[in-house]
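J.: Residues per chain are reported as follows:
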Amino acid sequence: MTDRRTFIAGLLATGLVPTLTWADAGSPAFVSAARRADGSFGLCGLSTTGQIVFECALPGRGHAAACHPIQPEVVAFARRPGTFAVVVNCVYRRESARLTAPDGRHFYGHGVFSGDGTLLYTTENDYDAARGMVGIWDVSRGYARMGEVPSGGVGPHDIRLMPDGQTLVVANGGIETHPDTGRTKLNLHAMRSNLSYLDALGQVADQLDLGELYRRHSIRHLAVGSDGRVAFAMQWQGDSAARPPVLGLHHRGGQSGLFDAGAQSRAEMRGYAGSVAIAPVGHAIAVTSPRGGVCQIFGKGAFQEHRLPDVCGVAGLNEGFMMTAGTGRVLYRDRDGMGWDVQHACAWDNHLISLPAI
Amino acid sequence: MLRRLAALLVLGVVPASAETSDISAILDGHVMPGYQTLAAQAEGLASAAQEDCRPDAPGLRTAYHAAFDAWVGVSHLRFGPSETEDRAFALAFWPDSRGATPRAVRDLIVQSDPVADTLAGFQTVSIAARGFYALEFMLFDPAFVQAGEGAYRCGLVQVMSADIAANAQAILTGWEGGYADLMRQAGANETFRDRNEAIRQIFTALSTGLEFTAQTRLGRPMGTFERPRPMRAEARRSGRSLRHVMLSLLATRDLTALLSDGDPDLDAAFARALDLAERMDDPVFAGVSTPQGRFEVEALQSAIDDIRRKVAQDLGPRLGIAAGFNALDGD
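Chain order of the listed sequences is W and F.
Take 80 as the starting number for the first sequence in my numbering and just add one per residue.
Take 958 as the starting number for the second sequence in my numbering and just add one per residue.
The hints are simulated quantities; they were obtained by calculation from the structure and are not laboratory data.
Check each hint, because a few of them may be wrong.
What the hints assert, rightly or not - Residues from chain F that face chain W, not an exhaustive set, calculated with beta carbons under 7 Å:
| no. | residue |
| --- | --- |
| 1 | Phe-1036 |
| 2 | Glu-1040 |
| 3 | Phe-1046 |
| 4 | Pro-1052 |
| 5 | Ser-1054 |
| 6 | Thr-1148 |
| 7 | Thr-1173 |
| 8 | Gly-1176 |
| 9 | Phe-1282 |
Fair warning: this is a prediction, and the values are worked out from it, not measured in the lab.
Ideal Cβ positions, reconstructed from N, Cα and C, are used throughout, including at glycine.
Just need the whole structure built from these sequences, with the hints factored in.
T.: This is the structure in structure tokens:
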């Protein structure tokens, strides 16, 4: 492979710096963190056929990642409560920068770039105040910390950019934790989750609260459709014998509701959704449950259920979905439930992240 | 054993889990006695408060300790009736990282709020003002035992105790009035669609209980090396912090024995942790600020983490609960 990479290295030496693109990184469609066969941890780029197109070592177990919209660069977050995130150059397959959470903050494992790629937003915990924050980082200055704004709730987890390219939508899970006590949930008796929309000034412009009945339902993961609808996946913190719906859809200024395909299919999810995705074509919504070992797909008038042990990652592809599991399996299923399976010698971590272009 | 084997051969099936824990034995030998004791001791607390509501009345204090002990003995069994109507939270609002309990109790006293005049009224107040931890302020905190009006304080102690008794009874009624049968008859109902779901629920309660003791009961006062937080120890005002760790270890040890068919290796891990706890001369973990004291609490925490590891890696798979890379990690 001589290639543009070698060629570019030559150019770099001459001081003529071309702009690297995602094509230089093998044109991945998705990225995911993984535990590799030798026990080490890494970040992988995946093609639309489930093949690994690049791989890069990570210093520890990853969680989610944020893909830069233009440069072949991914910010890989440690699993919560992590205090660092690694910026991976996907062409040279190495760490190019590192983000360290400021004093009194830790990351929650998710982040997203602004539409033009100049800023990175990260969900963080101001743990002594039990307040969710969104950290703001300046990409062009080597990911220097620029500032922060409150996330509009406690325990923010996933964060996404709305199609207007400005508004952020944050899943405030509602659960208070403190690094002194690991992942112990400190406020279940008082928890309250919400979905918050932050405008360009960082103000909460809109908020969805699920009400008293679902007070113990933690909104944690998000997918945003090109039409601005926000699919949200939840994790139930109430009585474990209750099996509430775990997938909802919110349309700002319009209707919202929860998806319920009956008691049997609710029970399959075990009150715990791991990831959610919207198909770019047709806008079906997929939600995974690693505890139930199942991925459920809600399409227009159609419901599908795919069994896959330890499935968690899911991303939309055409009219269907690609799914990744802790067993190393990668699956694609189209709107008719047809597709392919690929087995890798690694354990795929929680999230399969689409590149912005896909 | 022979008879069971024969039955399996006749049916031609192999059980999904290598070990077949007896759900009825766990209910009859652990869960039901635990909640029966709690209901009885809580009733005793309510009577003692009626008889003599003074914070230092020996009868009241003895009854308080006995009822609180009984609660800690079931505090890992957080599912079903204990979660209905937030009963367990109304019994035990802790950790209270924002100081909601002292604030809510103080508000009641300062305003002599008549809402606490009746049990029905009191059951509408913030759950932070209810239960064992709120009552602890009334009985043991110098700032509270003299606050406001004496008669109001007396009534508050009595209504708090009556509320604890009513709540404990409601949980027991929930178990006896149907929930235990749902577990016994797992497979014949939607709550537990098969036996494995009932076992998984009990296993989750065990691991969560151990995690709570290691990370919260010990982790909160430990804080960090640079910043230990001894004032965050659970029930330190009544001198019960270490006692809670020991009681919860005893209770989870009992449940582990029933789940594991008396596994000696697991039991030895509990014995090691309990031995460390018994040798500690620090009932409220005040020593976390000193190197030696901190070392002791850390050693106890490691011993409990060792139990947790064994439970997750040895007991879980034997019960047919396989650890998944994602499924058991949370997000």
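J.: Determine which of the earlier numbered hints do not hold for this structure and return their numbers in increasing order.
T.: Those not satisfied: there are none.
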